[in-house]
Amino acid sequence: MSDDPQNADPIDTLPVLLAHALAMESEAAERYGELADQMEVHRRTAVAAIFRRLEQAEKQHLGNLTEMCSKFELPHIAPWDFKWRHSESPEVIDFTMVHYQLSVREAILLAFEHERRAAEFYAGIALSATDPEVQKLAREFAAEEQEHIGWLEAWLAECGPGDAQGAEDPDPPLCQE
Amino acid sequence: MTINSVSLVIAGSGGAGVVTAGSLLLDAAAQAGWYALMSRSSGPQIRGGEAAAMLRFATEPIMSHDDSFHLLMAIDWDNIGRFSAEIPLVATSLIVGDPAHGPAPAALLSGTPRQAALAMTEIAGKIENGRPNMVALGAIAGLIGLPPEAMQAVVENNLKRKGQAAIDASMAAFHAGFAAAADLPAIPKLPAVAAATEPRWSITGNEATGLGVIRGGVRFVAAYPITPATEVLEWLAPSLAKVGGMLVQAEDELASINQIIGASYGGVPAMTATSGPGLSLMIESLGLAVAAEVPLVVVDVMRVGPSTGIATKSEQSDLNIAVYGLHGDAPHIVVAANSVPDCLFTTQWAVHLAEAMQAPALVLTDQAMGQARAIVPKPAELAFIGQRLTAAAPAVEGERYKRYAMTASGISPMAIPGTPGLTHTADGLEHNEFGTPSSQASDHQAQMDKRSRKLTQFNYGDHWADIEDSEVGAGDTAIITWGSSTGPAREALRRYAAAGGRARLISLRLIAPVQPEKMAAALAGIKRAVVVEQSHSGQFYRMLRAFYDLPAKTVSLHHGGPLAFGPNQILDQLNQLNAGSA
Amino acid sequence: MESCAQKKKYAAKDYKSDLKPIWCPGCGDYTVLNAITRALAELALPPEEVAVVSGIGCSSRIPAYTSVYGFHGVHGRALPVATGLKLARPDLTVLVTGGDGDGFSIGGNHFLHACRRNVDLTYIVMDNQVYGMTKGQASPTTAPDWEGSKLTPEGTGINPFQPLVVGLASGANFIARVSSSDPVNMARIIVEAIQHPGFSLVQVLSPCVTFRPEQQEWRDIVRTAVVDYTDDAARAARRLMTDDGFNVGKVLYKGSRPPFRPEFENSNGSVAELEARFAL
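Residue numbers (my numbering), protein chains in the order written: chain A, 3 to 179; chain B, 7 to 588; chain C, 1317 to 1596.
It is possible that part of the hints are untrue.
Claimed, not checked - Derived contacts from chain C toward chain A, CB cut-off under 8 Å, selection only:
hint, residue
1, 1329
2, 1523
3, 1543
Stated by the list, open to error - Label-pair ranges, simulated between beta-carbon atoms:
hint, chain 1, residue 1, chain 2, residue 2, range
4, A, 87, C, 1362, 29 to 35 Å
5, A, 58, C, 1362, 27 to 33 Å
6, B, 415, A, 87, 27 to 33 Å
7, B, 415, A, 75, 32 to 38 Å
8, C, 1539, A, 74, 47 to 53 Å
9, C, 1530, B, 412, 16 to 22 Å
10, B, 506, C, 1584, 54 to 60 Å
11, C, 1584, B, 543, 48 to 54 Å
12, C, 1536, A, 61, 50 to 56 Å
It should be emphasised that the hints constitute simulated quantities derived from the structure, not laboratory data. Keep in mind that this is a model prediction, so the values were computed, not measured. For each residue, glycine too, the CB sits at the ideal point set by N, CA and C.
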């Protein structure tokens, strides 16, 4: 990672933008799915449901995007050559950011933070790109992320006081192998 | 008819050339058309310790040493008394010593053997570069009827690189000794054999073990040096390289067993060889091979235990660890070789069994047969080749592969890494058919049944035991034995028959899984049996008692190592059994 | 950025199995699994030509979570299994995964000799300084004053094992330390480790959220190493001697020792030739 990868080599062509979007959306869908799996394995059904809904939303987004990408020949970009500000793509929640007793509210806030990052990522491209088509598409993508943010805000508003409580587990961890 | 043979020992301290002399004598006997068996015993030193080469020659194949020796040829007496228990001498035996080294130690005289002097040092001193051990060999040749031409050929071959002068000096000393034998008291002479009537091999048990695994298809060996198994590895290292295989010296036995598990998982038949202490270290991973269903062969060249025990001497006391040592219920194969040449048969068979059943096979041999060299009839060609049931493609396109699929035979087609569409994880955790870890009782039951079924349903044919009757039939008496004790038992049976007795020898090659039906058939009509084994606690007898219906009158003849049974000890037991029943 | 000509044949998820990991949410091992699959995808290795071998422990569960050939053996013996597999099947790409207890305690001797032997393996050790599967006991890399286990209530009082120093001294041909807070860079380094001939050692600082929750702070403590790799073992050793264990994200050492590979003679020698030596 360079300090400011976006400035080093701006995203200024449709194939490069699409390659980034495709990577980010597929990784986000996959990660939300994995987090939902983790929480299900550990019987955290309420939190799992949040991640599962987000997975579904990302998959839908991904479906549209994949169709769009099929019209282009996308460059191959190694995971570490993407223009992300963080290690992984902005929309993807780091595995180590969650924990076993994550509350519903915490999960929504985490997702909120990452959807916001994704929106900012696209908005940044819309500003920095010189190609009008790239600017236009980036704005569209940013708007979609804003839509997710809107949902999350709604979910947050729906949260009851209990949703702020992390899951309780009076039992100690168990021995395995 | 009993075997017409002559038994002798060459003994001396380090530097006397006893080991070399024994080898030359064995080679010369082979030249002369005889059959032979040679064992060695030595002091604890790496170099320079006292040593003894025990040889038995016959005009027909032999599998055992005799109860006593006809001749002890001592080049000197330094510490030779230490071997007295391993060198039984009787009144008809002859000790030949060099007066330059004083009288024979008292420990060797308890059987009141005859004694004679041969001035080996003095005779050798009169020959330029003459050596006392060659004088001794000459005298032995003269005493037992070994033609000097046989030794000439062997010496020429052995000393080729040292030049003609060395050959001449050696042979001059040999002839001087040969001439001197005329003045020594007589011991039995073997008749000269005109020409060998069948192709013969000169081979040690450890070499035969190595050849057996290569014949079976093993191409990867990982091992850690340990006495008395090291020679298996020393033979295998260059031999494997010649046939496209490899031997890796591992950092310890934990590594050797796991390296061969890795190689075998990769589809290359693999083995290791070790002895008791090494086997102890391998046990946990043998269980892994059972659970993950990885075929492999582990040869245990048994030595005296427990712990470091007596590393250079033989015992049949690893039976229990081989059969019962694994934790959990862990069905696996245990086979045992019962002679020097049988090391070849049994290890080759073990590779076949392991590969066919995708299970670990332990082969028990021991120091006595492993480090013994024998002149034997050329072993037969065997059809056993390691062949694994492999999976080539998913049964149904796109269907997930079941590594541990339930089958009637219990054997599941095994996907070898590299095969597309069949990736899976082999696991030592209990698992379901896919190999996915499972703690379900039903999965454990099903996988245990399968791992057990594949071994119990397998057709082992007639190889499970060697069953031999005296010429006039089995009668109602049996000797039940295994491993190295089979040699003296065979000879006891022959002596018993020569005296008019009738008996059956049952030597188990397949120790586990047990074969109750076959044993019942083998014991049909048998009313008395003696169980013979070289174990202090009678491990084999107890195992037989646990799994087989033995005749009402069954006695256990057992003692710990390092002394082997002599044929007459077993014969006496047979006679006692029958005396009691008469 | 590479040209369009080099098309990616596999996605990271093609290397994941359908099995859901049993690791605690927040465990660093999720990141390692992710990085391994990214690395394999980047190398475009057909899944059937890759094997992942492990012993026992949380991190040793990785093989079953991949869609490549896997072997999950006994505690501490992953390296010998992998050694045998790679020597017998040099055509396969063999990775070894495990934890600090598996690799440096019960399997410590194999670690030394795997470094020495330099077989072409990639060993990824998830170091969380604790035994997770058995409820959080001190491991060989645990600090001497950690009092979190009932087995060692006063701390172990013994110095932690230094895997990279020992690995370097023992002959590892490639050494790197990465943090589970940077999965993408971890993937890059795993790619390099796989591509580098010989024995590659990758230490991953992988927090145990359940038994060492304080390790979640590692993400803020770690720093990207300031210097690039050296091929000089003495220089690498000096760096490690002044290292606090939190310099991550770069390769520390790349050696040039040829990998151990006993040559198959491939002489078409026959068994009959071997037997002939016994004939009289």
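(message) The hint says 47 to 53 Å between residue 1539 of chain C and residue 74 of chain A; measuring C-beta to C-beta, is that right?
(response) 39 Å, violated
(request) Using the Cβ atoms, figure out if residue 415 of chain B sits within 32 to 38 Å of residue 75 of chain A. (result) 53 Å Cβ-Cβ, so the 32 to 38 Å window is violated.
(request) For residue 415 of chain B and residue 87 of chain A, compare the CB-CB distance with the range 27 to 33 Å and indicate the outcome. (result) Violated - the Cβ-Cβ distance for residue 415 of chain B and residue 87 of chain A, about 59 Å, lies outside 27 to 33 Å.
(message) Given the hint of 48 to 54 Å, is the C-beta distance from residue 1584 of chain C to residue 543 of chain B inside that range or not?
(response) Hint holds: Cβ distance 50 Å, inside 48 to 54 Å.
(message) Within 27 to 33 Å: is that where the Cβ-Cβ distance between residue 58 of chain A and residue 1362 of chain C falls?
(response) 31 Å, holds
(request) State, for the Cβ atoms of residue 87 of chain A and residue 1362 of chain C, whether the hinted interval 29 to 35 Å holds or is violated. (result) 34 Å, holds
(request) Can you let me know if the beta-carbon spacing of residue 1536 of chain C and residue 61 of chain A is within 50 to 56 Å? (result) 33 Å, violated
(request) Closer than 8 Å between Cβ atoms is the bar; does residue 1329 of chain C clear it against chain A? Give me holds or violated. (result) Holds: closest Cβ of chain A sits about 6 Å from residue 1329 of chain C, inside 8 Å.
(message) Min Cβ distance, residue 1543 of chain C to chain A: is it shorter than 8 Å?
(response) Interface hint status for residue 1543 of chain C: violated (17 Å vs cutoff 8 Å).
(request) Verify the interface restraint on residue 1523 of chain C: the C-beta must sit less than 8 Å from at least one C-beta of chain A. (result) At about 6 Å, which falls below the 8 Å cut-off, the nearest Cβ of chain A leaves the hint on residue 1523 of chain C intact, so it holds.
(message) If I claimed the Cβ atoms of residue 1530 of chain C and residue 412 of chain B lie 16 to 22 Å apart, would that claim hold in this structure?
(response) Given range 16 to 22 Å: violated, Cβ gap about 48 Å.
(message) Given a hint of 54 to 60 Å, does the C-beta separation of residue 506 of chain B and residue 1584 of chain C actually sit inside it?
(response) 56 Å, holds
Of the numbered hints stated above, those contradicted by the structure are hints 3, 6, 7, 8, 9, 12, listed in ascending order.
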